[in-house]
Amino acid sequence: MKQPKPWWQQPGFRVGIALVLLILLGGAVSAVYLTQIPPEQPIAFPHNRHVGLGAPCAYCHPGTAWGPNAGLPGIDKCWGCHQQVQKKSPELEKLAAYVANNQPIPWVPVAIQPEFVHFNHQPHVSAGIACETCHGDMTKMTVAEPQPRQNMGWCLSCHQKMAPEQWTKLSDCATCHY
Amino acid sequence: MAEQKAPQKWGLVVDLDRCTGCNACIAACSMENNIPFVGEDEVAYGRGLYWLYNKREWRGEYPEIKPAFEPVMCQQCGNAPCEPVCPVFASVHSEEEQINLAVYNRCVGTRYCANNCPYHARQFNYFDYELPEPMNSYLNPDVTVRRRGVMEKCTFCVQRIVRGRQKAAAEGREVEDGEIQPACVQACPAGALVFGDVSNPESKASQMARNQRRYQLLEELGTLPRVTYLKGGGRYGG
Amino acid sequence: MAAETNLLQAVKPAEHAEEDPREHLMFDPRPREEMNRMVMEAMTTTTRRYWIWLIALGLGVAVLLFGAWGNMILTGIGVAGVRRPIFWGVFIVTFVFWIGISHAGTFVSAILRVFKAEFRRPFTRAAELMTTFGLAAGALYPLIHLGRVWVFYWMIPYPNARWLWPNFRSPLVWDFLAITTYLLSSTIYLYLPLVPDLAMARDRTKGWRHTIYKLLALGWRGTEAEWYRLRKAINIFAFAIIPVMFSVHTIVSWDFAVGMVAGWHSTIFGPYFIVGAILSGVAAVVTILFVLRNTMKHFDYFIRVEHFDALGKLLLVFSMAWAYFFFNEYLLSWYGGDAAVKQVLTLHATGPAAWVWYTMLICNVAIPWLTLWNKTIRRTPWAMFIITLLINVGMYAERYTIIPLTLGHQRSPFDWGVYNPQWTEISIALGTLCLFMFLYLAASRLIPLVPVWEVQEGQMAHTLRKVGKAEVPSVTELEE
Chain A
1 MKQPKPWWQQ
11 PGFRVGIALV
21 LLILLGGAVS
31 AVYLTQIPPE
41 QPIAFPHNRH
51 VGLGAPCAYC
61 HPGTAWGPNA
71 GLPGIDKCWG
81 CHQQVQKKSP
91 ELEKLAAYVA
101 NNQPIPWVPV
111 AIQPEFVHFN
121 HQPHVSAGIA
131 CETCHGDMTK
141 MTVAEPQPRQ
151 NMGWCLSCHQ
161 KMAPEQWTKL
171 SDCATCHY
Chain B
1 MAEQKAPQKW
11 GLVVDLDRCT
21 GCNACIAACS
31 MENNIPFVGE
41 DEVAYGRGLY
51 WLYNKREWRG
61 EYPEIKPAFE
71 PVMCQQCGNA
81 PCEPVCPVFA
91 SVHSEEEQIN
101 LAVYNRCVGT
111 RYCANNCPYH
121 ARQFNYFDYE
131 LPEPMNSYLN
141 PDVTVRRRGV
151 MEKCTFCVQR
161 IVRGRQKAAA
171 EGREVEDGEI
181 QPACVQACPA
191 GALVFGDVSN
201 PESKASQMAR
211 NQRRYQLLEE
221 LGTLPRVTYL
231 KGGGRYGG
Chain C
1 MAAETNLLQA
11 VKPAEHAEED
21 PREHLMFDPR
31 PREEMNRMVM
41 EAMTTTTRRY
51 WIWLIALGLG
61 VAVLLFGAWG
71 NMILTGIGVA
81 GVRRPIFWGV
91 FIVTFVFWIG
101 ISHAGTFVSA
111 ILRVFKAEFR
121 RPFTRAAELM
131 TTFGLAAGAL
141 YPLIHLGRVW
151 VFYWMIPYPN
161 ARWLWPNFRS
171 PLVWDFLAIT
181 TYLLSSTIYL
191 YLPLVPDLAM
201 ARDRTKGWRH
211 TIYKLLALGW
221 RGTEAEWYRL
231 RKAINIFAFA
241 IIPVMFSVHT
251 IVSWDFAVGM
261 VAGWHSTIFG
271 PYFIVGAILS
281 GVAAVVTILF
291 VLRNTMKHFD
301 YFIRVEHFDA
311 LGKLLLVFSM
321 AWAYFFFNEY
331 LLSWYGGDAA
341 VKQVLTLHAT
351 GPAAWVWYTM
361 LICNVAIPWL
371 TLWNKTIRRT
381 PWAMFIITLL
391 INVGMYAERY
401 TIIPLTLGHQ
411 RSPFDWGVYN
421 PQWTEISIAL
431 GTLCLFMFLY
441 LAASRLIPLV
451 PVWEVQEGQM
461 AHTLRKVGKA
471 EVPSVTELEE
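Residue numbers (the working numbering), protein chains in the order written: chain A, 1 to 178; chain B, 1 to 238; chain C, 1 to 480.
The hints are simulated quantities; they were obtained by calculation from the structure and are not laboratory data.
Some hints here could point you the wrong way.
Quick list of in silico lysine-lysine cross-link-like pairs, BS3-like style, CA-CA up to 27 Å [as the list claims (entries may be wrong)]: (1) LYS55/B <-> LYS66/B; (2) LYS88/A <-> LYS161/A; (3) LYS342/C <-> LYS206/C; (4) LYS140/A <-> LYS94/A; (5) LYS9/B <-> LYS169/A; (6) LYS77/A <-> LYS88/A; (7) LYS169/A <-> LYS66/B; (8) LYS77/A <-> LYS140/A; (9) LYS9/B <-> LYS167/B; (10) LYS167/B <-> LYS161/A; (11) LYS5/A <-> LYS214/C; (12) LYS204/B <-> LYS9/B; (13) LYS231/B <-> LYS204/B; (14) LYS206/C <-> LYS5/A; (15) LYS167/B <-> LYS66/B; (16) LYS55/B <-> LYS204/B; (17) LYS313/C <-> LYS116/C; (18) LYS342/C <-> LYS55/B; (19) LYS232/C <-> LYS116/C; (20) LYS204/B <-> LYS169/A; (21) LYS55/B <-> LYS231/B.
Turn these sequences into a full structure, and let the hints steer you where they fit.
Have a look at this one:
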């Protein structure tokens, strides 16, 4: 007489386990993927073209020179140039529409810090840190993309490497957390 | 900064002769540091969140009775009892600022530091507190809003210290005496609170602290508090 | 100590005349197979009452412990009664209580084994189970009382992206390491002497039980070499676990003694806590032995009045030692002359919660001293049950006095406060009691609760020899 297979050898059970594992794996992969895709922006701003034309980052993000926030350009800043430039692309039509209605452009910030981290652009810029050190190579992006693996150890390793003589100050908790 | 110099030691001097007990410092502190309102019942049970509270004692026999005020905040001990007991370095001494930090995002909430503080200066977030509608619009973006289960305490407004230092560095100068002021000092109408660098003997705080009336809270415990009190004579309003 | 606990020396010639040595388990041997069968029967017999208790306790764990804890995690520690300046309450009290209870197992099975106290034999396992389950219940509290339990792993030393380590100067990190060490070593120490009994059970069962015992018995056959190695391992462990046991409660006491809270900062706290822990632990052993004797089949053969008698003597000694340390605390504060400490200690006896202090003294000193000197009371199991329960009430009151009542009256009278335990705390405390009882109840039907081989070994060594007309107990040394 043929012995019935025990429950853990039943094909249904095995297929079920495989499905559960697959779903878990897929969930993990897509979770990682989803955090890395750039958010939807009101205007698909081509960073690469502007940087390629030689526009300095601080022209549109001037806050880096004096304060914590870099700032995102408003309609005045965009329109200052684009008033003179031909509006051929549909993205520029959108800009023109914001200007016509006198509405702010609802940019979605990409490089954001957690609430308990107080980052200040100004000391970093005055220390001569290039923008792409943290924000990635903008000549290769249209809209800004989130940069992976920017955790506390990443901050600390740069602080240690760039200014070892100021390590006491730059490793102090109150430098970023208060 | 080219040459390495000794870090500034921030200190606070409280002149009790000038304190009128108006509690403006408490209000200013709460506004500056995003301290939530916990509600009547919670305060009555002893869970009011105040980084700075006014110890009010009655002196004398009725009817010759007079109040004595003593604003108590974190004493920023040089040898702080709260620091060694924290298992995760959430209560940690800042080598740079020479004060005691409360790192909210590192805190796991053992509350050991609060038990060990002889001044009872540390507060705990028992719940997540919601600020009522118009108040939530003026949360200070420079200060973390704490969630439930986290210890917090007076930081000498370290956000203002850091900002003042960064400003001075950007302008290529030293921090001037009196340039950095915590919210309580700024708000005190009587000038009872003076903040400054106590390692610099010329600063206003150092000069005030060299006074016969000076004392520190529970000095005998060896905590080396950074807050100096000037004993009041009990002459109120004059 | 050995003289106190050694049965043969305890039975003095004068008493010997009126006492039949056959009342003692060691002189009342039964055939091996019969004893094995008795233990197996005790393990496999489950009554309806048993299942009702098991399900009720399981529900208690789910609702009282995990329900209340889950609610507290979601809403915040505020549902417990802690407030400024009393930041530690019932949770830490119960934590210290359970860690105290867990000392009994090691004390009974390691120290009494090292001192060759023969009366330990039938209940070493019952005591070791208490250690393991008491620790399991107690080890939950460092997690329960955390404000943010979801980041508890920050207290574990591991390399991480934040470049941060735990603070090794903090007693809480020592605590964490000590408790994990103790849990691990006491589990191994429970398991080692269990192997021959599991093999015994393996040979006498079928079905799922057989599968489990086969796995757990590690292929034990009972050869001479195996016995030799087992004895050696148990011996090494018995010596090694004693310092671990002492260190654990010393470190728990350092949670308090290292702080600068008036009334905590005392060098006497280490030994004071250990003596208290052993007092409460041995008392809990007696409580459990009474329950086992009255509920499990054949246990009236294994657990006899002589055991209550011997443990009663131990309890009296430890109650006296505890009283000495208690007195010492006052002596130190008087000698040290710190006004704040003096005030705290005075307020314990005169403050609004003085009844806790009096409960502690009545249950820990008055009741044991008034009753345990009496042989008749020591040999009455139900009286011992009540006395030992009261001792544990007293020990709980001691921890309550030390923690919230001391914190409430510190150096600045402006900040004095009163602590009111809330239902969440009481529910979680009862929930861990349910957890302990649930685990014990489940284990009592899963593993042999009497170390059969130890009893048999003891009975082989003990014989009654005729000298003239008198029968004289004699014992052979089994080990070198």
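To see whether the hints hold, each was checked on the structure:
no.: 1; hint: LYS55/B <-> LYS66/B; verdict: holds, 13 Å
no.: 2; hint: LYS88/A <-> LYS161/A; verdict: violated, 46 Å
no.: 3; hint: LYS342/C <-> LYS206/C; verdict: violated, 65 Å
no.: 4; hint: LYS140/A <-> LYS94/A; verdict: holds, 23 Å
no.: 5; hint: LYS9/B <-> LYS169/A; verdict: holds, 14 Å
no.: 6; hint: LYS77/A <-> LYS88/A; verdict: holds, 19 Å
no.: 7; hint: LYS169/A <-> LYS66/B; verdict: violated, 47 Å
no.: 8; hint: LYS77/A <-> LYS140/A; verdict: holds, 23 Å
no.: 9; hint: LYS9/B <-> LYS167/B; verdict: holds, 18 Å
no.: 10; hint: LYS167/B <-> LYS161/A; verdict: holds, 24 Å
no.: 11; hint: LYS5/A <-> LYS214/C; verdict: holds, 23 Å
no.: 12; hint: LYS204/B <-> LYS9/B; verdict: holds, 13 Å
no.: 13; hint: LYS231/B <-> LYS204/B; verdict: holds, 18 Å
no.: 14; hint: LYS206/C <-> LYS5/A; verdict: holds, 21 Å
no.: 15; hint: LYS167/B <-> LYS66/B; verdict: violated, 44 Å
no.: 16; hint: LYS55/B <-> LYS204/B; verdict: holds, 25 Å
no.: 17; hint: LYS313/C <-> LYS116/C; verdict: holds, 16 Å
no.: 18; hint: LYS342/C <-> LYS55/B; verdict: holds, 23 Å
no.: 19; hint: LYS232/C <-> LYS116/C; verdict: holds, 15 Å
no.: 20; hint: LYS204/B <-> LYS169/A; verdict: holds, 25 Å
no.: 21; hint: LYS55/B <-> LYS231/B; verdict: holds, 14 Å
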